[in-house]
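Chains as they are written, first to last, in this note's numbering: chain R, 1 to 258; chain A, 1001 to 1272; chain V, 2001 to 2263.
It cannot be assumed that every hint is accurate.
[Stated by the list, open to error] If you want the ones that stay clear, here's a sample from chain R, every Cβ over 12 Å from chain V, calculated:
no., residue
1, 68
2, 72
3, 76
4, 125
5, 179
6, 218
7, 233
[As the list claims (entries may be wrong)] Label-pair restraints from in silico Cβ distances:
no., chain 1, residue 1, chain 2, residue 2, range
8, R, 11, V, 2047, 57 to 67 Å
9, R, 16, V, 2021, 53 to 63 Å
10, V, 2243, A, 1090, 29 to 39 Å
11, R, 247, V, 2189, 18 to 28 Å
Keep in mind the hints are simulated off the structure, nothing from the lab. Keep in mind that this is a model prediction, so the values were computed, not measured. Each residue gets a CB set at the ideal place from its N, CA and C atoms; glycine is no exception.
Spelled out, the chains give:
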Amino acid sequence: MSTARRLASSNAALGIIGTLAAVALWEICARTGVIDPALFPSPSLAIREAAGRLTMDTVADNLMWSLMRVFSGFALGAIAGAAIGIAAGWYRGFGTIVRPIIELLRPIPPLAWIPLAIIWFGLGEPSKFFIIFLGAFFPVVTAAYQGMRSIDPVLLRAAQTMGLSGLPLLLRVAVPAAAPDLATGVRIGWGLSFGVLVAAELVAADRGLGYMIINERNTGGSVGVIIVGILLIGALNLLTDAALGLAIKRWIGRWHGA
Amino acid sequence: MPDKSNVAQLRPRAVEAVVGGSSASRFIDIAGVEKSFAQRGGGAVSVLTNIDLTIAENEFVSLVGRSGCGKTTLLNIIAGLENATQGAVSIAGRPVTGPGQGQGVVFQQHALFPWLTARDNVAFGFRKAGLTKAQRREQAMDLLKLVGLEHAAARYPREMSGGMQQRVSIARALALDPQILLMDEPFGALDELTRIELQQELLRIWEARRKTVVFVTHSISEALTLSDRIVLLAPNPGRIKQVYEVDIPRPRTRTHPRFNALYEEIWSDLSS
Amino acid sequence: MRRALANAVAPAAAILVLLVAWELGVRYGFLKPYQFPPVSRIARGFVELSTIGFPTGVSIWSHTLITVARVLQGYVAALALAIPLGLVIGAVPVLDKLTAPLVVFCRSVATLSLLPLVIVWFGAGELTKVFLIGYGCFWVMLSNVIAGVRYVDPMLLRAASTFSVKGLELFTRVILPAALPRIFAGARMALGVGFMVIVGAEMIGTIEGLGALIMEARTFYRSEITIIGMLIIGLIGFAITSGLGLLERYLLPWAANLDQVRR
């Protein structure tokens, strides 16, 4: 096969070509003035502007803050969601009480909780933590509950014939059986938590990547910084989601069919 | 009151087994078992009535019948997975109160834990034996060797064929060192060739390990190939219609004259 | 029979118990009325919102209408662009491979992070919000349309080829219908995204719309209005998901559980 043909069929190569072409197009449009560089600077200009106005330290600092927030909020939200979802799926009585309340609150987007969170917890960290917690909680609790309800009953029966019951049955058989659904929920929860983090930082924060961007705008700074900030967030989201996907694949992909 | 009106039609040894005999011959004692479900609009659906049956130790008994005759329900009751509405089942004199009392069960769908390898699935059956992890794995390997699957020990269920999965299921059930092996159409989902292979394998294991086996199937020829006795159940409501003694020496082939004779007999009783 | 009745009553009972506990908690001083406005205050707040409005002159209905209008504008625009583009990209595998990383990246960009940028471009007016919603909806819809077209069951394609169906006819008569469940799923997701975006987008730089309402209410210590706003947002969200679900089942009755079986 000729190199051109081989290139055309390679997914990675084509992907790279396409991306580079898009970036080049952007650069050209900005340079030739098709787009006003003050509004939408070329990649090279944006990076230069950003380098000029921000130090690596500020960026790193804001980055760490954002990551810490999202990790802690997500972790607690996912753990709480998993625990409650599993319990609701396993213990009928608990489920009957808890499910309606969760179903009632679920359609409310996490962002809509921001004002209430501020009312309850003030303007500091706890309110942001709470919102990010919610972002992870709802998808995970739903996925955990669904996962528990759709366990193949024959697995439980088989475990019972081997003498398992009660808590060991739940932990050693039911939970692993529900794990694939739970993992999907966790992945969705992470994506939501991340999106919520950015929004929360835009609206009410004094540190973090979201704050960094909106502060730039409010102090009449350079658009380049804003763009770099946006791209940074996007890249971070992509990387973390990919990492999570890989981790899930390693733990569950081995034995899970589809 | 148990209905013994069909006792006269039973063959001599079967009569003794039904009416009473030595304790070994009453290893599994099913007495007056009935099972019914409450229905939505009121009233009850009767799934099993008047089930009286005794099974001797190390005997291989098949439950045969068309769908709806309650054979799976009966098996579940013996396994302790379901409760009889009336009557009782006892094993070696002790009443069955729940699962995990030493009944090994093999289901139609393999019911292997998808997150464990073949070896770990079998090792799971050794949980209660008080062994160390290494010992459990070693014993698991022995059982896998018995079913001819030691080479697949590290595979996950989804990486195995249907026949392999059922073999691992049997190995896992054996890990419990059960007094009885209860099998609910274990080969039903497999292709013909694999089914014949596994039938031979099961007989080999049964002869080597000497267990009491209760085997549910809808295939008369499978029952004839495997069992000492065949219990024919009829539906609506589920009841024992007939018990047959299979006095053909093993290994059995379909060409044996008694095979066909019995087949015809069971078939006509099934269809009538 | 008893089970069905219990299932219907239990949710209502659980919520009722919660509400009673809330009300009592405030009455007996366990909960601060600012943080947990009593149900009576919420009810009065609702009446005020429906008549006088908050801020004065803007009733709850206006807020709702404005929010919904913004969402719909952005949503429809996004779909109008994403569907044709997605069909084309999906139909030409090379195009898909070229654009894949770009699409994935743009979808990963948190839509609300664009807010400062878009304000620089379009100011703080309506266009900004509609644009943001459009952005969020567009990429989600696009990826789903592309995936719907690309991942048609190969068995269907093979069956079609035995009938000598190819080219444009293959596309319109086999690929497109087969892709519809996924496309609908994308439309549902996109609307959900749009809805989430607007709530956030309205919290900055505007006083009209549900997102703005709940923020403004907080500034004036009217926590009961915040709660009403939240409940209405939730109600709309719920109506959207159920409505779209029903619509999908009506238009695509044959696709009942297909998207649960697929990837």
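(request) Could you check the hint for me, namely that residue 16 (chain R) and residue 2021 (chain V) are 53 to 63 Å apart, CB to CB? (result) holds (59 Å)
(message) The hint says 29 to 39 Å between residue 2243 (chain V) and residue 1090 (chain A); measuring C-beta to C-beta, is that right?
(response) Violated: the Cβ-Cβ distance is about 59 Å, outside 29 to 39 Å.
(request) Run the C-beta distances from residue 179 (chain R) to all of chain V and say if the shortest one exceeds 12 Å. (result) At roughly 18 Å from the nearest Cβ of chain V, residue 179 (chain R) sits farther out than 12 Å, so the non-interface label holds.
(request) Confirm or reject the statement that residue 233 (chain R) sits farther than 12 Å, beta carbon to beta carbon, from all of chain V. (result) violated (5 Å)
(request) Examine each Cβ of chain V, and state whether all of them lie more than 12 Å from the Cβ of residue 72 (chain R). (result) holds (18 Å)
(message) A cut-off of 12 Å on Cβ-Cβ distance, and residue 76 (chain R) was said to be off the interface with chain V. Does that hold?
(response) holds (21 Å)
(message) Tell me if the beta carbons of residue 247 (chain R) and residue 2189 (chain V) are separated by a distance inside 18 to 28 Å.
(response) holds (24 Å)
(request) Decide, holds or violated, for the assertion that all CB atoms of chain V are farther than 12 Å from the CB of residue 68 (chain R). (result) holds (17 Å)
(request) Grab the minimum beta-carbon distance between residue 125 (chain R) and chain V and tell me whether it stays above 12 Å. (result) It holds; residue 125 (chain R) is separated from chain V by about 18 Å at its closest Cβ, greater than 12 Å.
(request) Return holds or violated for the Cβ distance of residue 11 (chain R) and residue 2047 (chain V) against the range 57 to 67 Å. (result) Since residue 11 (chain R) and residue 2047 (chain V) have Cβ atoms about 60 Å apart, the given range 57 to 67 Å holds.
(request) May I ask you to check that residue 218 (chain R) keeps its beta-carbon over 12 Å from the closest beta-carbon of chain V? (result) Incorrect as stated: the minimum Cβ-Cβ distance to chain V is 8 Å, not above 12 Å.
The structure fails to meet hints 6, 7, 10 from the earlier list, while all remaining hints are met.
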